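Asks: Taking UniProt numbering, I'd label the letters of the sequence shown as residues 1 to 307.
Source of the hints: derived by calculation from the structure; they are not laboratory data.
Keep in mind that the hints are not guaranteed to be accurate.
Pairs of lysine-lysine residues, derived as DSBU-like cross-links and limited to a Cα-Cα distance of at most 35 Å, are as follows [as the list claims (entries may be wrong)]:
hint, residue 1, residue 2
1, K285, K221
2, K283, K165
3, K165, K221
4, K221, K283
5, K165, K285
The following label-pair restraints were derived from C-beta to C-beta distances [stated by the list, open to error]:
hint, residue 1, residue 2, range
6, S129, A258, 43 to 53 Å
7, S293, P222, 48 to 58 Å
8, I157, G298, 16 to 26 Å
Note that this is a predicted model, so its numbers are computed, not measured.
All residues carry an ideal CB built from backbone N, CA and C; glycine is no exception.
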Amino acid sequence: PTSARGAPPQHHDGGAAAGDPHRSIAVITAALRDSGGPPPLEIDAPMVERWLVTFIRDELARRGFTRAVLGLSGGVDSAVTAFLAARALGPENVVAIRLPYRTSSRESLEHAHLVAQALGIEERTLDISAAVDGYLAQEPDADAARRGNVMARTRMIAVFDLSAKHQALPLGTGNKTERLFGYFTWHADDSPPVNPLGDLFKSQVWALARHLGVPEVVVGKPASADLIQGQTDEGDFGISYARADVLLNWLLSGYTPADLVARGFDAAEVELVRRRLEGTHWKRKLPTVAMLSPNAIGESYLRPVDY
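Produce the entire structure from the sequences given, and follow the hints as far as they go.
Replies: Have a look at this one:
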């Protein structure tokens with residue numbers, strides 16, 4: 001294994017003699033960084049495209065699928081996922097579902113249609129208003145957050161049902177920034193078993209989108225979950241994606257909040273990102289199993305693909 005910068009890991013055992021009960025416990029640590037700083041956020045877009053196209057193709061083949069289905073929202077993340085899937089599987093093997101609620105913006109529907117038309121993929125529109133309102137009629141006190149979560153989970157019900165109909169594997173569309181901020185509905189956006197964009201920060205998704213030829217009207221608009229009229233991602237965050245990605249990149253590379261403040265980053269923004277990152281870790285984990293046997297599923301019983 002290597003560190004993020006390619007340096008081999010170093011073995012440190014505290015330098016004590018073998019058998020010394022007081023010596024430090026042996027650990028594996030990455031070699032110290034050179035002059036300092038995380039890996040650059042800039043990506044080699046053609047290489048990333050090739051990697052993700054191969055990833056989609058391989059993951060579907062490993063699961064016995066030749067087709068994919070995804071929710072097409074009109075935003076850049078689902079558009080990029082659709083572009084990659086069409087190149088990996090052929091446009092005839094990609095099913096895109098538009099899933100508007102009655103308050104969804106007309107612009108989002110038009111942009112989703114624009115992407116589907118550009119790719120020549122199958123497109124369906126299923127209005128989720130009746131299903132959502134039918135449930136919420138029994139929970140009239142639901143606040144905006146609960147209502148948004150019901151919409152997101154209803155959309156995923158539709159995607160998985162159409163997966164069964166079309167024998168097509170659902171593809172996730174969440175990016176790394178959203179995932180690290182916990183900015184998704186649990187057991188909704190995070191449910192699809194394959195996610196091509198999950199290790200790309202939002203700023204990297206934008207770069208890949210422009211390389212792939214996603215229509216600029218989709219790439220250039222403010223990101224929004226489109227759950228509440230007028231809502232934007234960055235308005236919810238309290239920080240821009242560009243700033244959040246920089247800070248997340250430093251924190252994930254092993255630097256502490258104090259390190260970042262000492263390097264001149266805004267202390268309030270660093271604390272905001274730290275709270276988001278640490279406070280949502282539980283959302284990024286699978287259900288915790290209470291182990292009662294030596295072969296608990298997901299804990300001890302792991303197939304080779306899980307390693």
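Asks: When the hints from earlier in the document are held up against this structure, which numbers fail?
Replies: none
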